[in-house]
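Chains as they are written, first to last, in the working numbering: chain Z, 217 to 276; chain Y, 2 to 674.
You may find that some hints are simply not true.
To give a feel for the contact side, a few chain Z residues facing chain Y, derived at Cβ under 10 Å [what the hints assert, rightly or not]:
{"no.": "1", "residue": "T218"}
{"no.": "2", "residue": "A220"}
{"no.": "3", "residue": "F221"}
{"no.": "4", "residue": "C222"}
{"no.": "5", "residue": "G223"}
{"no.": "6", "residue": "F226"}
{"no.": "7", "residue": "R245"}
{"no.": "8", "residue": "A246"}
{"no.": "9", "residue": "R248"}
{"no.": "10", "residue": "P250"}
{"no.": "11", "residue": "Y254"}
To give a feel for the contact side, a few chain Z residues facing chain Y, derived at Cβ under 7 Å [claimed, not checked]:
{"no.": "12", "residue": "M217"}
{"no.": "13", "residue": "R224"}
{"no.": "14", "residue": "E225"}
{"no.": "15", "residue": "Y251"}
{"no.": "16", "residue": "G253"}
FYI, nobody ran anything at the bench for these hints, they're computed from the structure. Glycine residues also receive a C-beta, built at the ideal position from the N, C-alpha and C atoms.
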Amino acid sequence: MTCAFCGREFEEDRGQPACQQCPLGADCRAVRCPYCGYENPVPPPWLVKLRHWLVPHDAH
Amino acid sequence: MPEASRSTQAAKSAAGPACHAGPPAPAAPAGAARVALIGAPNVGKSALFHRLTGHYVTVSNYPGTSVEVTRGSAWLGGRPAEVLDTPGLYSLLAWTDEERVARRIVLSGEADVVVHVVDAKALERMLPLTLQLLESGRPLVVALNMIDEASRLGVEVDARRLSARLGVAVVPVVAVEGRGVEELGRAIAAALAAGARPVRILYGNSVGEAMLSVRERLVGVYPVDPASFVALLFQGDSEVAAEVARREPDGGSAARAAVDRATTALGAPASYRISVERRRLSGELLDGAIVRAGANPPRWLDVLGRLLTRPATGIPVLLIVLYFGLYAFVGQFGAGTVVDWLEGGFERYVTPFFESLFAPVPWAPVRSLFVGEYGLLTLGLRYAVAIILPIVGAFFLFFSVLEDSGYFPRLALLVDRVFKPLGLSGRAVIPMVLGFACDTMATMVTRTLETRRERVIATLLLALAIPCSAQLGVILAILSGEPLALAAWVAAIAGSFLLVGALGARVLPGAPARFHMELPPLRRPRAGNVFLKTYTRMHWYFLEVLPLFLLASVLLWIGNLTGLFGVAVSALTPVVGLLDLPPETAAVFLFGFFRRDYGAAGLFDLDRAGSLDAVQLAVAAVTLTLFVPCIAQFLMMVRERGVRTAVGMLVFITPFAFGGGLLVNLLLRRLAG
């Protein structure tokens, strides 16, 4: 995925899941960029698939 | 095709044991040249590696690290070669362990030839690293990968012209198909034969002179041209600074002093100036060497991107963005129009429906749990759905538009100078911006800041003066009709931020933090991206908020039944009385400590009920914003900064918030006459 802040690319599983360390234990679906620390929202897979189906050439 | 060997090569070197499961590989022949493939992630390095080396490769950890480097052997220009597929690298200024390993392979001089693999579609972003590699003086070849995709997108690159300008071979390739790989092999062999040669990059705008003044101080022995180390010294890279200290007879003190002098002379963050120069030089190198048919990025975006980082133009643009985005869209539309509509729906249909549903329940306490003053359905559900959700929804939409446009990194550069006297750098924009979405999450992100001093100051400012999205939306909505009250709130919060930050920077010892960032391009936000991000954030927020709002309602119901809530409110009533606020405000402050947004919703209710005049609204808004963070944020503060620091912050913030409210009350009452 591409970090929304610094624009660098990283594998989703290389980023640190942000919500693991939250005292609320909430599932915020955010992944921290390993380069700049920005927390990027990770859309649910079904929504990403739907988007690719609706707009096949639109890069995420 | 180059003369690719199908043999394997053992990783029985200092690199440690091979991790690749498979037959043992023979060692690389003696005298094999080492070729390193360097480049950003996803530019096709691995595909090219496999084309050059064949299928049999070894994967081993780079010495002293857990980062894997893939090696394979090849015959290039009639001689054996070991090819290294390195981790992705955007710039020699490395942030991650993987990047540090790729950089070490370049700066250690262990590669006899460096192949910079670039994505032909995004050449503008890749060329600054080419300049850095060129600066190292090692033999270099540029592999212009994905040239077919670039062509399909209307991007035509004149490789010959670019090669002449760079002074190194630029070979168009399509790694996945093997096209151009044979030519690349020949170019690598030619670069090997030519050997290392010094290259001087002609930086302009005083940057070149500044770098030269430091370069002249380096008298030690370096495996590559020390010019590579100079730029990294300016960029505050601690690993490189340690390396320079090790190699210089004076421990690097002359170089450090020269960097400090040159930085002062430049008058702007040197790392930023170097980065800008590299982009400018890249643009010049590509001028006429790249043609984008029908796909030219709009020039006005480049111009706008530059204007956003300059204080004279960037600050007015920031104020316009805040006015239309936060005040008009989030405050007036989200927290006004949409909330009115949803609240109306709750009042007319939802609440009467639930009340009629529970009317037959004979036990008043049970009935009040669901539809009473603090009922699960009439308070918890209504707060979450009718008040907070539309506000945070509007905020997240605005936030996602800015995020997708690439505005935030420019904001970081813009405020870097403002943040310096507060002991922060532009990098602190990341937690500050995230704090408007959720202060708890943002507190965790402060760990990415460079120094402890910066982390402590940022944590304190987040707890004190950064309202979360719901709080901000509600406050903008209730103060939108009262310009004086709104101005007082803005002045109080901005003043507190600057004052406490400046005090923190004076009290806490430590060197000022440095900030460097490669700017991604400014772009038009894509509707699809904006929708996905807004939806994801709203989904998370709603799932988090609803259960907590319902839990708060249950706690309030228990507190009400047992009388404990009344005791707590009574204890706070004299304090809010000092601020000339009605006793009901005490309950809002208690809500606010449970969750900031719950307190904000309570304030919204009080405003709708007409319980507060303009001055009281401003005082309540100021105090509630500055007031102690919610429980979740406090727990995060304890985790990140330790119990003593977190409790210390709490002890400071509580009287500061009430003192701030008191001061605003006195000033506004005097102004009101």
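Do the hints match the structure? See the list:
| no. | hint | verdict |
| --- | --- | --- |
| 1 | T218 | holds (9 Å) |
| 2 | A220 | holds (5 Å) |
| 3 | F221 | holds (5 Å) |
| 4 | C222 | holds (6 Å) |
| 5 | G223 | holds (3 Å) |
| 6 | F226 | holds (7 Å) |
| 7 | R245 | holds (6 Å) |
| 8 | A246 | holds (7 Å) |
| 9 | R248 | holds (7 Å) |
| 10 | P250 | holds (5 Å) |
| 11 | Y254 | holds (5 Å) |
| 12 | M217 | violated (11 Å) |
| 13 | R224 | holds (6 Å) |
| 14 | E225 | holds (5 Å) |
| 15 | Y251 | holds (5 Å) |
| 16 | G253 | holds (3 Å) |
Checked against the numbered hints given earlier, the structure breaks only hint 12 and satisfies all the rest.
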